[in-house]
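Read top to bottom, the protein sequences are chains A and B. The numbering used here puts the first residue of the first sequence at -6, with every later residue one more than the last. The numbering used here puts the first residue of the second sequence at 180, with every later residue one more than the last.
To be clear, the hints were calculated from the coordinates, so they are not data collected in a lab. Treat the hints with care, since some could be wrong.
[Unchecked claim] List time: in silico SDA-like cross-link candidates among lysine to any residue, alpha-carbon distance up to 25 Å: (1) Lys231/B - Tyr155/A; (2) Lys7/A - Ala226/B; (3) Lys185/B - Gly51/A; (4) Lys258/B - Asp239/B; (5) Lys448/B - Ile29/A; (6) Lys448/B - Ile8/A; (7) Lys393/B - Leu77/A; (8) Lys126/A - Glu426/B; (9) Lys385/B - Tyr155/A; (10) Lys126/A - Leu391/B; (11) Lys7/A - Ser101/A; (12) Lys385/B - Glu27/A; (13) Lys393/B - Leu139/A; (14) Lys187/B - Val57/A; (15) Lys2/A - Val222/B; (16) Lys350/B - Ile16/A; (17) Lys185/B - Phe52/A; (18) Lys350/B - Pro26/A; (19) Lys231/B - Gly179/A; (20) Lys182/B - Phe102/A.
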Amino acid sequence: MKLINVTTKNRIRKIVVYAIYIILLSSLQVSFPERISFLGQTADLVFVFVVLSGYFNGFWDGAVVGFISGMIRDVFSPPAVVGLDGEVRVTAFVGVFTLFAAGIIGASFFTRRMHRNIPFSIVSVIFVTVCYKVAGYILIYGWSNLAGIESSLYEPLTAFVYSFLPQLLLNTLAAIPLIVLLRFLGPVSFRDTKKDDEIIEQGESTWLGI
Amino acid sequence: MKKLLKSKWFIALIVLLVLAAGAILSLLPGSPIKNLLKPVQLVSSPAQSLVKKAGDTLSDFWSAITDGIAIREENRALKEQIADLRYRLTQNEEAALRYEELKDALHIKDMFSNYEIYGASILSRESDEWFSTIRLNAGVTDGIALEEGNSYPVLDVEMNLVGRVIETSDKESRVLPLLHEGFAVAGKVNEVNGTTFMIYGDAELKRQGLCLVKDIDPNVLIEPGMEIVTSGDGGLFPEGIPIGVIESVDYSNPLNVTATLRPYSQIGKLEDVFIMIPYVEETAEETAATVV
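Isolated chain B, as found in the complex:
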């Protein structure tokens, strides 16, 4: 018995069993077991930020050397563009004022006016095929508090869907990307009364950078090139967030029409993203408490 207890294989087996139990327990709602990794996070996160900054600096330096001529040319074109945009901005300022007046007058509801938008930078990306969540540098202390069972949409700088926040800690958030097998969102063709369906991440399509579109009405014609946006069904994602375009459609089985979708957002190239958090309407009691 003593020999068994001292055996390295026995110790390794026990450790593996404990780790497996820990991994399963971490899947339970509100599991506190993840807190055990907090000390590691405190040490490793700053170190990783440092390595990332150093890598970015080196990359920028290299780009500055190799792209010098192209940058100068681009700079000249951009200066011209800035001058043109300044002129247009002056013209648009008046139009914007007019729009605000009309908006109030006609009660036009701004699509995302019920959401607060938080900016965040990507700290780390997926490390392999299966370790595939994205880490952002905004957490509870920045106002990104997430309740169990809740989630927030994440968009890129062009307001295209990137994924959704599934976990937050004090200073960081974790995002489930659009291409992940566990991701699902209700979408529709971007036109008036466009047909609705579900869009899922799929392991096999992921390597091609595509999503799977299911639950398509067989009587509706879906064609490659159609733009798909969120439908707003389910309540998690507001209506109208651009997702991507239809790449191909498979009508071979009329009872199960499927399609593939190429997302607009290219997660591998993103540096900054935006988290959409809905405004919480204050109840009468809360308002009264605030007044008191």
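Just chain A, with the same shape it has in the complex:
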């Protein structure tokens, strides 16, 4: 007699594997950051993992993995921000916001058209990293103006050379072992995903969704 059917078994396996990845990567990220740093930037293992989960396994996986990883990030190393009253405070939910957004963006670009193939997963990591950095700088600039504080932001060229480039390099390098791990330990299924192509009908035209 079967107590659990195959679908439930697979689902439980998927949850367990995701949980192990999330705890392990989140812990490594904050326990030994100096070992994965270059030019003042740190490879964001959790961020890359969330993007890859979204890219390979779809919207809901990206969203849920991003949400949970974000909560753990908010516990382990939340950002401290100068509040409207000028006091520096530890924030909550900025990590959840960031990684949830990373998960759904990772699940939404270059997925269908590229059939979730491996080379484009790296392009996806690069694309979401650029989005994260640009959004981060815009948010800091906006918040500094709103709070009336003097922001010590990088000049655009300095930001590109010392923030964007090292982060892109590190995240791209981090993506390679993570893809290998996801490929051999799961929970990603690298089956033929051509049938997932989204066909958009617009009047007499037919478009392939990307």
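Keeping the supplied structure of chain A fixed, place chain B upon it in accordance with the hints.
Chain B in isolation, oriented as in the chain A frame:
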């Protein structure tokens, strides 16, 4: 409408808006919204400690293999050093007794005698450029209770400034490191009547491991290599805590002389730190209540 409500993008947008609202609300003084993360902390903190211990063990094991010969040599030198120190300790014990007598007699105020020092280990460090607070394994249950608007200095084992505690929970504290953009401390040149100024964390200097020194009196000569300590202004940090040395000075604008400072404390290499908590003087009423 039904289609919109079921749309994954609509759901994601709502979630993002709620999270953004939560993040903004968490910046309000005394905001209880952070308590929502407590269950996650209960589960994730022990797991992280386990991973950290495993990583440290592996790292130690690797070091033991690679550094075996160097360790043996160092061990021999340390044994000699211990013998020498034991001899000096015996000599100093008497001097220490004499010092205590003199201290009482001359009312010399020990620099940090009004502070209680708590030891703590670093649990987690900054995870990237922006997620940059440090977590310690000491909290309210260990006596590190923090009131709104208050803060405690954090020092390394050599008593150099590391940062300040900005939040505590039951078993953990969060530290704003010296290099963080939101950090500010009043400093002075470590000499009698040394000139005072402000030292700030700066995003651009952070990647070089430096702080920004501002509000320097243009008539005072600041030179690279000068030691900077806390001035005690503002009341948060007691006077005399070593911060670092001046790296460079920019006199190009006489109205805005700035300098860069290299902190002594290397946060990336720290394992243990000390939190300084001032003794609270008991009021007459509290004393009476204690007696009763």
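Evaluation of the provided hints:
1. Distance hint between Lys231/B and Tyr155/A is unfulfilled; the C-alpha atoms sit about 29 Å from each other, more than 25 Å.
2. For a cut-off of 25 Å, the pair hint linking Lys7/A to Ala226/B stands: about 19 Å separates their Cα positions.
3. At most 25 Å may separate the alpha-carbon atoms for a hinted pair to count; Lys185/B and Gly51/A meet this at roughly 17 Å.
4. Distance check on the hinted pair: Lys258/B and Asp239/B sit about 21 Å apart at the alpha-carbon level, within 25 Å; holds.
5. Note on Lys448/B and Ile29/A: the hinted pairing holds, with a Cα-Cα distance of about 14 Å set against a maximum of 25 Å.
6. With a CA separation close to 35 Å, the supplied pair Lys448/B and Ile8/A exceeds the 25 Å bound.
7. Between Lys393/B and Leu77/A the CA atoms are separated by roughly 23 Å; this keeps the pair inside 25 Å, and the hint holds.
8. Taking the CA atoms of Lys126/A and Glu426/B, the gap is near 30 Å; set against the 25 Å cutoff, the hint is violated.
9. Restraint check for Lys385/B and Tyr155/A: the C-alpha separation of about 11 Å stays at or below 25 Å, so the hint holds.
10. Pair hint Lys126/A plus Leu391/B holds up; C-alpha atoms about 24 Å apart against a cutoff of 25 Å.
11. With a C-alpha separation of about 21 Å, the suggested pair Lys7/A and Ser101/A falls inside the 25 Å cut-off, and the hint holds.
12. Our distance criterion of 25 Å between C-alpha atoms is met by Lys385/B and Glu27/A, whose separation comes to about 14 Å.
13. This hinted pair checks out: Lys393/B and Leu139/A have alpha carbons roughly 23 Å apart, not beyond 25 Å.
14. For the given pair, Lys187/B sits about 12 Å from Val57/A by alpha-carbon distance, which is consistent with the 25 Å threshold.
15. As the CA atoms of Lys2/A and Val222/B are separated by approximately 24 Å, the hinted pair is consistent with the 25 Å bound.
16. Distance hint between Lys350/B and Ile16/A is fulfilled; the C-alpha atoms sit about 20 Å from each other, no more than 25 Å.
17. A C-alpha spacing of about 14 Å is found between Lys185/B and Phe52/A, which places the hinted pair at or below 25 Å, so the restraint holds.
18. A C-alpha spacing of about 23 Å is found between Lys350/B and Pro26/A, which places the hinted pair at or below 25 Å, so the restraint holds.
19. Taken as a hint, the Lys231/B and Gly179/A pair is honoured in the structure, with Cα atoms around 24 Å apart against an allowance of 25 Å.
20. Only pairs whose Cα atoms come within 25 Å are accepted, and Lys182/B paired with Phe102/A is accepted, the gap being roughly 22 Å.
In terms of the numbered hints stated before, the structure departs from hints 1, 6, 8, listed from lowest to highest.
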